[in-house]
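As you go down the protein sequences, you meet chains A and B in turn.
Read in our numbering, the first sequence has 72 at position 72, and its numbers run on one by one without any break.
When you read off a place in the second sequence, starting at 1, and then add 277, the result is the number in our numbering.
Since the hints were made in silico from the structure, they are not lab data.
For glycine and all other residues, C-beta sits at the position ideal for the given N, C-alpha and C.
Check before you lean on any hint, since a few could be wrong.
[Stated by the list, open to error] Here are some chain A residues pointing at chain B (derived, C-beta under 7 angstroms):
#1 Y112
#2 N164
#3 G167
#4 Q178
#5 P186
#6 W268
[Claimed, not checked] Counterexamples of contact, computed for chain B against chain A with all Cβ distances above 12 angstroms:
#7 Q373
#8 P422
#9 E424
#10 R437
#11 N465
[Said to hold, decoys possible] Quick list of simulated restraints, FRET-style, between CB atoms:
#12 A:G159 / B:A420: 27 to 33 angstroms
#13 B:G332 / A:A123: 53 to 59 angstroms
#14 B:A536 / A:L180: 26 to 32 angstroms
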Amino acid sequence: MSSLQAPPSAEQRAPDRGTLRAIRVLLPVVVLAAAVTAWALLVRINHIPPYVLPGPGAVLRTLVADWPILSQSLLVTLRTTLEGFLAAAVGGIALALLFNQSRWLEYSLLPYAVILQVTPVIAIAPLLLIYLPQQTAVIACAWIVGFFPVLANTTLGLGSVDRNLAGLFRLYGASRMQVLRHLKLPSALPYILGGLRIAGGLSLIGAVVAEIAAGSAGAGSGLAYRIAESGYRLNIPRMFAALLLLSAAGIVIYGLLALTSHLLLRRWHESALGKEN
Amino acid sequence: MAEPAALSEAGTGAGGLAVSLRGVRKVYDNGIAALGPLDLDVSQGEFVSLLGPSGCGKSTALRLIAGLNTPSSGTVGVARRAGSARTGHAIGFVFQEPTLMPWTTVRENVRLPLKLARVPASEANARIDAALAQVGLGQFEGAFPRELSGGMKMRVSLARALVTDPDLLLMDEPFAALDEITRFRLNNDLLSLWRNLRKTVIFVTHSVFESVYLSQRVIVMTARPGRIGSEIRIDAPEPRGEEFRTSVEYAGYCRRVSAALAPSYPGQATL
Chain A
1 MSSLQAPPSA
11 EQRAPDRGTL
21 RAIRVLLPVV
31 VLAAAVTAWA
41 LLVRINHIPP
51 YVLPGPGAVL
61 RTLVADWPIL
71 SQSLLVTLRT
81 TLEGFLAAAV
91 GGIALALLFN
101 QSRWLEYSLL
111 PYAVILQVTP
121 VIAIAPLLLI
131 YLPQQTAVIA
141 CAWIVGFFPV
151 LANTTLGLGS
161 VDRNLAGLFR
171 LYGASRMQVL
181 RHLKLPSALP
191 YILGGLRIAG
201 GLSLIGAVVA
211 EIAAGSAGAG
221 SGLAYRIAES
231 GYRLNIPRMF
241 AALLLLSAAG
251 IVIYGLLALT
261 SHLLLRRWHE
271 SALGKEN
Chain B
278 MAEPAALSEA
288 GTGAGGLAVS
298 LRGVRKVYDN
308 GIAALGPLDL
318 DVSQGEFVSL
328 LGPSGCGKST
338 ALRLIAGLNT
348 PSSGTVGVAR
358 RAGSARTGHA
368 IGFVFQEPTL
378 MPWTTVRENV
388 RLPLKLARVP
398 ASEANARIDA
408 ALAQVGLGQF
418 EGAFPRELSG
428 GMKMRVSLAR
438 ALVTDPDLLL
448 MDEPFAALDE
458 ITRFRLNNDL
468 LSLWRNLRKT
478 VIFVTHSVFE
488 SVYLSQRVIV
498 MTARPGRIGS
508 EIRIDAPEPR
518 GEEFRTSVEY
528 AGYCRRVSAA
538 LAPSYPGQAT
548 L
């Protein structure tokens with residue numbers, strides 16, 4: 001065998017990369033399976049009653065059995081989250097654009113945006129519930145927690161324009177709108193998408209917080225309300241089932257936003273490019 | 278944006294002045310005098326290099342001519358061809374970096390000046406095709422900037438500067454970051470473009486060899502504040518090619534320009 005070896009070609013390395021990807025998917029699945037098994041064993045060996053800690057089987061059975069109620073609640077929560085998220089996205093981007101166009105407006109309003117952000121939403125929720133109709137208050141909570149990351153990231157993005165490109169636009173006599181549309185917004189897009197990705201998760205949190213604070217019964221009750229209600233009734237399996245759905249909703253929201261971001265940026269932005277370049 | 282003052286009509290005929298700087302100074306807000314006073318005339322169709330050490334104000338001078346900055350005092354005059362309004366813009370600018378929009382294709386990058394000037398799409402497309410062909414990038418129009426080499430990105434930048442068919446091309450150390458082979462090829466391509474299109478070119482560089490190879494006139498600048506140290510006319514025959522680059526005549530010009538540049542580097546004398 002020769003002491004000099006040709007470097008492995010891309011084709012030879014390809015299966016390795018495939019294996020690596022499979023491992024990256026498999027490992028978390030293995031961890032999940034191990035955790036669920038340990039959970040099931042713990043419950044069975046110690047004979048823990050379901051009203052203290054239900055086993056994974058009991059949770060799944062409850063999920064199926066209570067699906068009519070839970071799915072209804074899931075839809076309510078998802079709808080609140082979506083409305084809060086859209087309001088946060090539109091509000092955050094619009095405010096950042098206004099700030100970018102007018103320094104005075106930024107100086108006047110930014111401190112209040114910060115105050116809104118740093119005040120815990122759980123403390124604001126009861127107040128909002130007094131002054132606003134319940135559904136509006138819940139959406140307002142989802143909006144309050146979601147909009148600041150969008151505002152902050154969009155502001156950062158609009159300010160991160162390449163100086164020479166800005167000079168070029170000036171040289172060619174671009175109008176304010178042209179600079180905004182063809183230079184600032186595309187430059188800011190990766191930042192905006194980053195902000196939206198954070199806002200998606202936060203909107204869900206905001207919706208849950210407000211639902212728990214609202215705590216009223218009725219057909220229009222979301223998953224968080226189901227959790228609180230099940231807690232009072234010691235229906236712990238249903239609590240777990242609702243929690244499972246909330247987590248799943250969070251994962252799906254994050255996944256969708258990450259996918260959107262990837263699709264929009266994959267042709268040009270460093271964050272979405274393969275490592276070989 | 279501060280438009281440079283238009284030169285009087287009398288000066289814009291064939292062989293007239295393309296650019297005229299009179300007593301131009303630039304003092305930055307922090308009190309540092311970057312440039313001047315500077316007097317400079319560039320004839321139409323001329324290829325002039327501004328050569329000097331870093332920080333001598335040569336880029337500042339170029340930005341003043343482009344109207345990207347305004348002079349603290351003095352006047353900057355740029356000739357405008359009578360019909361130049363139709364072309365969108367009379368000045369093309371090539372930066373040291375390619376300065377492309379990473380989010381869009383080569384073709385859309387070249388389209389930018391026309392889009393900003395709201396040139397109709399059919400006319401714009403024909404011009405983009407022509408500009409891309411001039412720099413030899415026709416088949417790369419769908420590529421994104423990150424997929425191109427440094428030299429090709431610079432060609433895109435050049436095509437974008439040419440797409441408005443400007444009278445005046447301002448280039449700010451455009452090839453400084455490229456490897457030597459690529460730079461030689463771009464030098465040759467730029468010279469043939471200049472011969473064919475007869476544009477006025479003001480080329481900023483810190484390379485003696487590049488300035489001699491390309492220019493009809495080399496303007497050597499001194500630093501702090503930037504002033505014209507000396508002017509050397511390069512009367513080599515056209516067209517110039519690789520033979521010129523290796524000729525005795527070329528070496529002689531390089532020696533003269535280097536000698537003229539030496540006082541700009543006072544520290545070097547003691548080395």
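Do the hints match the structure? See the list:
| no. | hint | in the structure |
| --- | --- | --- |
| 1 | Y112 | violated, 32 angstroms |
| 2 | N164 | holds, 4 angstroms |
| 3 | G167 | holds, 5 angstroms |
| 4 | Q178 | holds, 6 angstroms |
| 5 | P186 | holds, 5 angstroms |
| 6 | W268 | holds, 5 angstroms |
| 7 | Q373 | violated, 8 angstroms |
| 8 | P422 | violated, 8 angstroms |
| 9 | E424 | violated, 8 angstroms |
| 10 | R437 | violated, 8 angstroms |
| 11 | N465 | holds, 26 angstroms |
| 12 | A:G159 / B:A420: 27 to 33 angstroms | holds, 29 angstroms |
| 13 | B:G332 / A:A123: 53 to 59 angstroms | holds, 56 angstroms |
| 14 | B:A536 / A:L180: 26 to 32 angstroms | violated, 51 angstroms |
Going down the numbered hints, you'll see the structure goes against 1, 7, 8, 9, 10, 14, while the others check out.
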